[in-house]
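Protein sequences appear in the order of chains A and B. At position 211 of the first sequence (counting the first as 1) the number is 807 in our numbering, and the numbers step up by one without a gap. At position 16 of the second sequence (counting the first as 1) the number is 637 in our numbering, and the numbers step up by one without a gap.
Because the hints were derived from the structure by calculation, they are not lab data. Hints are not guaranteed to be accurate.
To be verified - Going by beta-carbon spacing under 7 Å, a handful of chain A positions derived as facing chain B:
| hint | residue |
| --- | --- |
| 1 | Ala-688 |
| 2 | Met-692 |
| 3 | Gly-775 |
Stated by the list, open to error - Label-pair ranges, simulated between beta-carbon atoms:
| hint | chain 1 | residue 1 | chain 2 | residue 2 | range |
| --- | --- | --- | --- | --- | --- |
| 4 | B | Ser-694 | A | Ala-729 | 26 to 32 Å |
| 5 | A | Gly-775 | B | Arg-711 | 17 to 23 Å |
| 6 | B | Glu-717 | A | Arg-699 | 21 to 27 Å |
Claimed, not checked - Chain B is nowhere near these chain A residues, computed Cβ spacing over 10 Å in every case:
| hint | residue |
| --- | --- |
| 7 | Ala-676 |
| 8 | Lys-710 |
| 9 | Ala-813 |
| 10 | Arg-818 |
Yeah, the Cβ is synthetic: ideal placement off N, Cα and C, and Gly gets one too.
Here are the chains, one letter per residue:
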Amino acid sequence: MFRVTQGKDSDSPDSSPDYNAADAGHVRSMTVNAVAFYILSALVVVGAVAAVALRSLQHAGFGLVGFTSAVGILSIASGAYATGTLEFVIPAAAIMLVAVALRKTPYWAMTEPKPPSGRAMLAGLGVAIAFAALLFSAFAIGSGGWHTGSGAAKLITLLHLRAPYAFVIALLTVVAGIGGALMIARAGSDERHLDRALEERRLREERARRRREDREAARRQRGPAAEEAGG
Amino acid sequence: MNVGPGHFAVLSALIFAIGLFGVVSRTDTLGELMALVVLFTAPLIALVGFAQTGQGGSAPPLGNAFAVLALLSIVAEAIAAGAVAMLVWRRLASSELDDLVDVDTD
Numbered sequence: 597m598f599r600v601t602q603g604k605d606s607d608s609p610d611s612s613p614d615y616n617a618a619d620a621g622h623v624r625s626m627t628v629n630a631v632a633f634y635i636l637s638a639l640v641v642v643g644a645v646a647a648v649a650l651r652s653l654q655h656a657g658f659g660l661v662g663f664t665s666a667v668g669i670l671s672i673a674s675g676a677y678a679t680g681t682l683e684f685v686i687p688a689a690a691i692m693l694v695a696v697a698l699r700k701t702p703y704w705a706m707t708e709p710k711p712p713s714g715r716a717m718l719a720g721l722g723v724a725i726a727f728a729a730l731l732f733s734a735f736a737i738g739s740g741g742w743h744t745g746s747g748a749a750k751l752i753t754l755l756h757l758r759a760p761y762a763f764v765i766a767l768l769t770v771v772a773g774i775g776g777a778l779m780i781a782r783a784g785s786d787e788r789h790l791d792r793a794l795e796e797r798r799l800r801e802e803r804a805r806r807r808r809e810d811r812e813a814a815r816r817q818r819g820p821a822a823e824e825a826g827g
Numbered sequence: 622m623n624v625g626p627g628h629f630a631v632l633s634a635l636i637f638a639i640g641l642f643g644v645v646s647r648t649d650t651l652g653e654l655m656a657l658v659v660l661f662t663a664p665l666i667a668l669v670g671f672a673q674t675g676q677g678g679s680a681p682p683l684g685n686a687f688a689v690l691a692l693l694s695i696v697a698e699a700i701a702a703g704a705v706a707m708l709v710w711r712r713l714a715s716s717e718l719d720d721l722v723d724v725d726t727d
């Protein structure tokens with residue numbers, strides 16, 4: 597378990613009989629400013645509401661980026677600099693990268709606005725209120741049993757020295773997720789062939805339609821002139 | 622007025638409820654995925670908030686470490702789920718969950 601080193605002067609490690617380098621570093625407590633907390637909390641809530649409630653998925657995506665960014669900034673304001681930076685950078689970068697990569701592809705059609713379902717929204721509201729009430733009552737009952745702190749080591753030291761396996765597994769999970777996503781979403785050779793054939797057919801039909809329209813336009817232009825010549 | 626763990630707990634519960642609302646009310650795969658990301662972020666807020674403002678008074682990184690590991694898992698899950706959503710959309714030309722539920726397999 598992680599050893600609590602609160603109140604100990606980490607500049608004099610010899611005073612501790614079982615000194616460990618993982619506990620090195622003097623990390624002072626930091627209380628987030630109340631005004632900053634409320635402002636950032638409001639941004640977090642607005643971003644979350646935008647991400648789940650906006651009909652346009654493109655706008656909802658922007659809401660999600662705002663939400664994750666606000667959560668990251670809140671963590672930074674609370675003193676969790678490394679965690680906050682990761683919370684700020686990783687989700688926002690992932691969402692923006694995916695959006696840019698898919699922008700010019702047919703997949704972008706997935707983000708078209710979807711009509712809301714009244715019944716589903718009512719059900720969602722009911723379930724959300726019920727769970728929120730459950731959580732709030734649990735917090736109200738157990739208000740004295742908050743987390744009591746667990747040490748003063750730096751985050752990177754903890755991840756590197758105390759939880760290397762969990763850290764490596766988490767990183768490998770991300771790599772495996774990316775690899776799995778590429779495997780899942782890849783297009784087979786027959787599918788690429790079919791897509792190419794469909795695209796060529798679409799272009800042929802487009803050209804035929806334009807030729808037809810041009811002929812119609814020319815016929816309409818010739819019509820009055822031909823009538824005058826005949827009259 | 623000091624901000625304590627209770628503030629983070631309430632914010633976390635609120636975000637969880639909003640995410641849950643999205644999970645139940647969204648009818649498209651990508652929207653559902655985004656709502657899940659919101660829902661999964663709620664525990665991160667609690668982890669970091671409790672760790673930073675706990676009664677210990679120090680700045681304990683254990684909650685932050687959990688938050689980082691959870692964040693990486695969420696990103697991996699979102700990437701894989703997004704790929705599944707793309708594959709389904711490509712096969713069925715629809716991202717509506719109702720269409721996927723009622724898909725004709727004959």
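For each hint, the structure was consulted:
At its closest, the beta carbon of A/Ala-688 sits 11 Å from a beta carbon of chain B; the interface hint therefore is violated under the 7 Å criterion. Taking 7 Å as the C-beta contact cut-off toward chain B, the hint placing A/Met-692 at the interface is violated, the least distance being around 13 Å. A cut of 7 Å between beta carbons decides the hint on A/Gly-775: the least distance to chain B is about 9 Å, and the hint is violated. Restraint check, B/Ser-694 to A/Ala-729: a C-beta distance of roughly 28 Å satisfies the suggested window 26 to 32 Å.
Look at A/Gly-775 against B/Arg-711: about 19 Å separates their beta carbons, and that is inside 17 to 23 Å. Between B/Glu-717 and A/Arg-699 the beta carbon distance is about 22 Å. The supplied range of 21 to 27 Å therefore holds. For A/Ala-676, the requirement that its beta carbon stay farther than 10 Å from each beta carbon of chain B is not met, with the minimum near 5 Å. A cut-off of 10 Å between C-beta atoms contradicts the statement that A/Lys-710 is not in contact with chain B; the least separation is 5 Å.
The beta carbon of A/Ala-813 sits about 34 Å from the closest Cβ of chain B, which is more than 10 Å, so the claim that it is off the interface holds. Remark: the non-interface label on A/Arg-818 is consistent with the geometry, its nearest Cβ contact in chain B lying 42 Å away (cut-off 10 Å).
This entry does not satisfy hints 1, 2, 3, 7 and 8, going by the numbered hints stated previously.
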